[in-house]
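K.L.:
As a plain string of letters, each chain reads:
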Amino acid sequence: MTTGGGKSGESGESGMTVLRYLMWTVFAAALIVVLTYALPPFRTYQLATVGAYLCVTAGLTVLTGLNGQLSLGHGALMATGAYTVALVQDGLAGRGQWTLLVSVLAAIGTTTVVGGVVGLAAARLRGPYLAGLTLAVAVVVPAVASTWDETFNSDQGLSVVLDPPPGTVPFERWQAWLAWAGALVTMVALTVLVRGRFGREMRAVRDDETAARLAGVSVGRTQVLAFVVSAACAGLGGALFAVLAQSVSPGAFPLSLSLFLLMAIVIGGLGSLAGALWGAVLLVALPAVAHSVTEGIDAQRLEGNLPLALFGLTLIVVMLAAPGGIASLRPFRRPFARLRRKT
Amino acid sequence: MRRFWTALTVLALAAATTACSDGGGGGSGGNTPGVTDTDILVGTHMPLTGPAAAGYSKIAPATRAYFDYVNANGGVHGRKITYKIMDDTYNPATTQQVVRELVLQDKVFAILNGLGTATHTGVLDFLRTNRVPDLFVASGSRSWNQPDKYPGTFGFNVDYTVEGKILATHVKQDQAGKKVCFLGQDDDFGRDFLAGVEKVLGPVAAKQSYVTSNPNVGPQLGALKQAGCQVVMLATVPGFTALSLGTAAKIGFRPQFVVSQVGADISTLTRQLGPAARLTEGLVSANYLPLSTDDANPWIQLFKKVNTQHNGTAEFDNNVVYGMAVGYLFVQSLQTAGKNLTRDALIAAVEKGGFQGAGFAPLRFSSSNHSGYGGEQLTRVQGGKQAYFGDVLETDDGDGAVRAYRTPPAAPPANGIPAAA
Amino acid sequence: MDRFVFLTFDGLSRGAVYAAFALALVLIWRATRIVNFAQGAMAVATAYAGYSVSAATGSYWLGFGVAVLAGIVLGTVTERVVMRFVDHSSPLNEVVVALGLVLVIQGVLGMIYGNEFRPAAAPFSRDAFTVGGVALLSRFDLFVFAAVGAVVAALALLFTRTDTGLRMRASAFAPDVSRLLGVNVGGMLTLGWALAAAVGSLAGMLVLPTELGLHPNAMDIVFVSSFTAAVVGGLDSAVGSVVGGLVVGLLLSYVSGYLGATVAPIAVLVLLVVVLLGRPGGLFGRSAARAV
Chain F
1 MTTGGGKSGE SGESGMTVLR YLMWTVFAAA LIVVLTYALP PFRTYQLATV GAYLCVTAGL
61 TVLTGLNGQL SLGHGALMAT GAYTVALVQD GLAGRGQWTL LVSVLAAIGT TTVVGGVVGL
121 AAARLRGPYL AGLTLAVAVV VPAVASTWDE TFNSDQGLSV VLDPPPGTVP FERWQAWLAW
181 AGALVTMVAL TVLVRGRFGR EMRAVRDDET AARLAGVSVG RTQVLAFVVS AACAGLGGAL
241 FAVLAQSVSP GAFPLSLSLF LLMAIVIGGL GSLAGALWGA VLLVALPAVA HSVTEGIDAQ
301 RLEGNLPLAL FGLTLIVVML AAPGGIASLR PFRRPFARLR RKT
Chain S
1 MRRFWTALTV LALAAATTAC SDGGGGGSGG NTPGVTDTDI LVGTHMPLTG PAAAGYSKIA
61 PATRAYFDYV NANGGVHGRK ITYKIMDDTY NPATTQQVVR ELVLQDKVFA ILNGLGTATH
121 TGVLDFLRTN RVPDLFVASG SRSWNQPDKY PGTFGFNVDY TVEGKILATH VKQDQAGKKV
181 CFLGQDDDFG RDFLAGVEKV LGPVAAKQSY VTSNPNVGPQ LGALKQAGCQ VVMLATVPGF
241 TALSLGTAAK IGFRPQFVVS QVGADISTLT RQLGPAARLT EGLVSANYLP LSTDDANPWI
301 QLFKKVNTQH NGTAEFDNNV VYGMAVGYLF VQSLQTAGKN LTRDALIAAV EKGGFQGAGF
361 APLRFSSSNH SGYGGEQLTR VQGGKQAYFG DVLETDDGDG AVRAYRTPPA APPANGIPAA
421 A
Chain Y
1 MDRFVFLTFD GLSRGAVYAA FALALVLIWR ATRIVNFAQG AMAVATAYAG YSVSAATGSY
61 WLGFGVAVLA GIVLGTVTER VVMRFVDHSS PLNEVVVALG LVLVIQGVLG MIYGNEFRPA
121 AAPFSRDAFT VGGVALLSRF DLFVFAAVGA VVAALALLFT RTDTGLRMRA SAFAPDVSRL
181 LGVNVGGMLT LGWALAAAVG SLAGMLVLPT ELGLHPNAMD IVFVSSFTAA VVGGLDSAVG
241 SVVGGLVVGL LLSYVSGYLG ATVAPIAVLV LLVVVLLGRP GGLFGRSAAR AV
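Residue numbers (the UniProt record's numbering), protein chains in the order written: chain F, 1 to 343; chain S, 1 to 421; chain Y, 1 to 292.
Here chain F stands alone, though its shape is the one from the complex (with noise of 0.2 Å):
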């Protein structure tokens, strides 16, 4: 069923993989930063994006790369992360920087909790059925926006009030760092876990439930688990995504963008959180590079349309050429494979 991800067993938790793992993400933060320094405005908000998506697809990749469930509702969690950053900011407005931390803290809390709930039906299903739920809840956003509409305000969605960043830092840098401060927290969390014993239980579910039975491992309640941890991903990528757009609408969580995320995925290489990185690259890229390619050609009828027939193209090209996703390619494949110390 997947690719990656399988090899990843074979080191225990030691204090020297902690402090490996400490070591990295400090460089990737401080290679964030650096970045935000040097990119202009526009591409720092990119990357800002880009971190916000990484929370979204790492959550999700594990969910259906490792644990072999499907869910096209993952935009209807952030929808729920998103509104909840809204409502809770709203409500503390005015009281300093830290109550971002508990908006964003409690989105991830709501979300665990809707998450839950979804998860512990979706363990009951298989393939599409699953889909067909997980699709329903995408689709849902909407209609509880409207139906509470006190609440949500329906179509309109609400402002996300945010205090201006602390000292002369730029929104848009202040906003990557936000956004890859959870991004990197994700990552290592999830590298964690998926290193650890539950990983290991999640892949037998995936690859036979059965046999995981007879090994002693719960198939429902390692489905469930999985859920609960991809949708408080979910929530974290749909708080930050309410941080940098400073506004929460249904119209920005539609079908469609539950459907982009697990393409990202596919794309990136399921199962992979290298791969999860390649696929929120190219959700913010891919649609951009097609628009900028066409920019020149000035035709009625194919603006707009030129570039979403061109990302359809290259959607179905990759997946002819590599089967596996980006990070299955030879070039990004450990490229310091001989260096690798065994431990």
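These are computed hints drawn from the structure, not numbers from a lab. Mixed in with the good hints there might be a few duds.
For the chain F half of the interface with chain S, some residues (derived, Cβ under 8 Å), not all of them [claimed, not checked]:
1) Leu35
2) Tyr37
3) Ala93
4) Gly94
5) Pro142
6) Phe198
7) Gly251
8) Ala274
9) Val281
So the derived list for chain F, only partly shown, Cβ under 8 Å to chain S, looks like this [claimed, not checked]:
10) Ala28
11) Phe42
12) Trp177
13) Ala252
Since the structure is predicted, the reported quantities are computational estimates derived from the model, not experimental observations. Positions of the beta carbon are idealized from the N, C-alpha and C atoms, including for glycine.
Chain F is already provided as a structure; the job is to place chains S and Y on it using the hints.
P.N.:
Leaving out everything else, chains S and Y in the frame of chain F:
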């Protein structure tokens, strides 16, 4: 894990490369972004693809065509206008991206005619923070008229409450004693429109709403039929106007339909209804711009000429008229702002007021009023053609009366380009 | 009571068109074991072809025939040119390719026809017969019922009474064994795609006159409702998809009529949860979803 960091490094290198290559950004000759001695760069966001694109996707190209016409005749104060159109598919998240690209990357001088209430609401704060003029938003929401909160944002369309009041006044006079009902979109469009209607008529006999994600209005129209409605006021987008007319006919329900200008463009309806186009007969609506079918109108003659010369002879309908009217009003603002063009000068020019543009309803821009056209004239479909009747009516979005507006419409200048003030 | 009768008939006529399209999804699921997310876009593309022909010749039925024929061609081409080369180790690869196809088709249709609504004419009157002032069904609704019934019967015959149907099912469930037994598995897959696309096109011609009109995205929402219908009924059962379609249609009509249109998607979600928790394989699915 390691592959992740590898990927991150590769991407960082790629990002750094692009950073070096596009550091310059848009043309910045002087201090004002997007303005050089020879060019003005302006941007917009519109749905060009997706379900919301119907009709709307023709507006921005028409505006651009008018700018091309102006450019071909020497431009504004010697500057040529470039209009960058970004497709946001009516998704507010995409609007965020494309507007930031226009402002931060392309460094546009202003955002013109950004379309949609939910989409444009999301970028108001960003545009204010970056002090970008946000002119003539394509939506009838009242949000654009908040000069204290958003000093750079100006409306264009008649707002939905004003429209509801004007149409309800007609119903009150012309259909006195009839049972009046309402079907509207479940957002600000429907709500503001209904608020205007009820200011004039009091509570309606029955009200129903629809959502764009459920294209079946059978249950709603069935309820209105059973309630015995004789007049149905619609706050619907064109697709749902056509659907409502078709569904009503299907169940043998034939009330008088009174429709918001948003969803009453006869050519759009006719195109969509096809052989059932006769259902539009008798439909009452209102508008504030010349109708595309009025060949005797000097504005229509001008816009048709521009359409032939610069718009690839796109099918000439009210969306094209709308787009060109926006372009005209923008050029008029630029002319008034003068040779020394800055963002503040542009906003001051619009607030100075005195513009009429191609519309015949009052336009009362001032430092305390940023709303669009303040009135409308009623239209009726007769023999398959939409035509104006009665006086031009004006009112406000509060409790003000609906009055006749007698100032005659402006005529376009001979060369079709507004003169410098 | 009048209201209830009206909403029931409104729901049945909606449900019939969902059922029609759900049948196409069931067909391709039985023949290839994938859910074709591009089915809606493919149906729209062939409907454009059909209506172009209708407009040029003035004959609705000629256009109808062209649309179904175009479906067969498009299905065959999609399988032969694209789907055949997709790596099948993960079913998600096919889903992503199908989604890519959706974007390509919608982009190309937008380039050719523009993103405007065009009229989708119906061959029969859509004015409903009224009994005692309550609108019931129109001639067109009856035509839809008849067409759906005919397709169900034809599919039942194909899959249960013919060798070809048996080979198609065998190829879908056990391609390797079928190949060893001498079944032309590739040919069966192509046939499955062609037939499913043809049924999809036929459904499109039935659905579009009841929607906003012809538009590159016209089937997006129909796809969601019909997929829901197929899941409720059970993806392996043609009868199930018809029942599922009618259930979804009725539910949407009752909820919109009594509670308001905005609540409808929530009701659909509740329906799915209730049905699938009781029967994880849909109403008509064999409940073998869990192994232990």
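K.L.:
The structure should be examined with respect to each hint, and the outcome stated for every one.
P.N.:
Hints, verified against the model:
{"no.": "1", "hint": "Leu35", "in the structure": "holds, 6 Å"}
{"no.": "2", "hint": "Tyr37", "in the structure": "violated, 10 Å"}
{"no.": "3", "hint": "Ala93", "in the structure": "violated, 14 Å"}
{"no.": "4", "hint": "Gly94", "in the structure": "violated, 16 Å"}
{"no.": "5", "hint": "Pro142", "in the structure": "holds, 6 Å"}
{"no.": "6", "hint": "Phe198", "in the structure": "violated, 16 Å"}
{"no.": "7", "hint": "Gly251", "in the structure": "holds, 5 Å"}
{"no.": "8", "hint": "Ala274", "in the structure": "holds, 4 Å"}
{"no.": "9", "hint": "Val281", "in the structure": "holds, 6 Å"}
{"no.": "10", "hint": "Ala28", "in the structure": "holds, 6 Å"}
{"no.": "11", "hint": "Phe42", "in the structure": "holds, 4 Å"}
{"no.": "12", "hint": "Trp177", "in the structure": "violated, 15 Å"}
{"no.": "13", "hint": "Ala252", "in the structure": "holds, 4 Å"}
Violated hints, in rising order: 2, 3, 4, 6, 12; the structure is consistent with all others.
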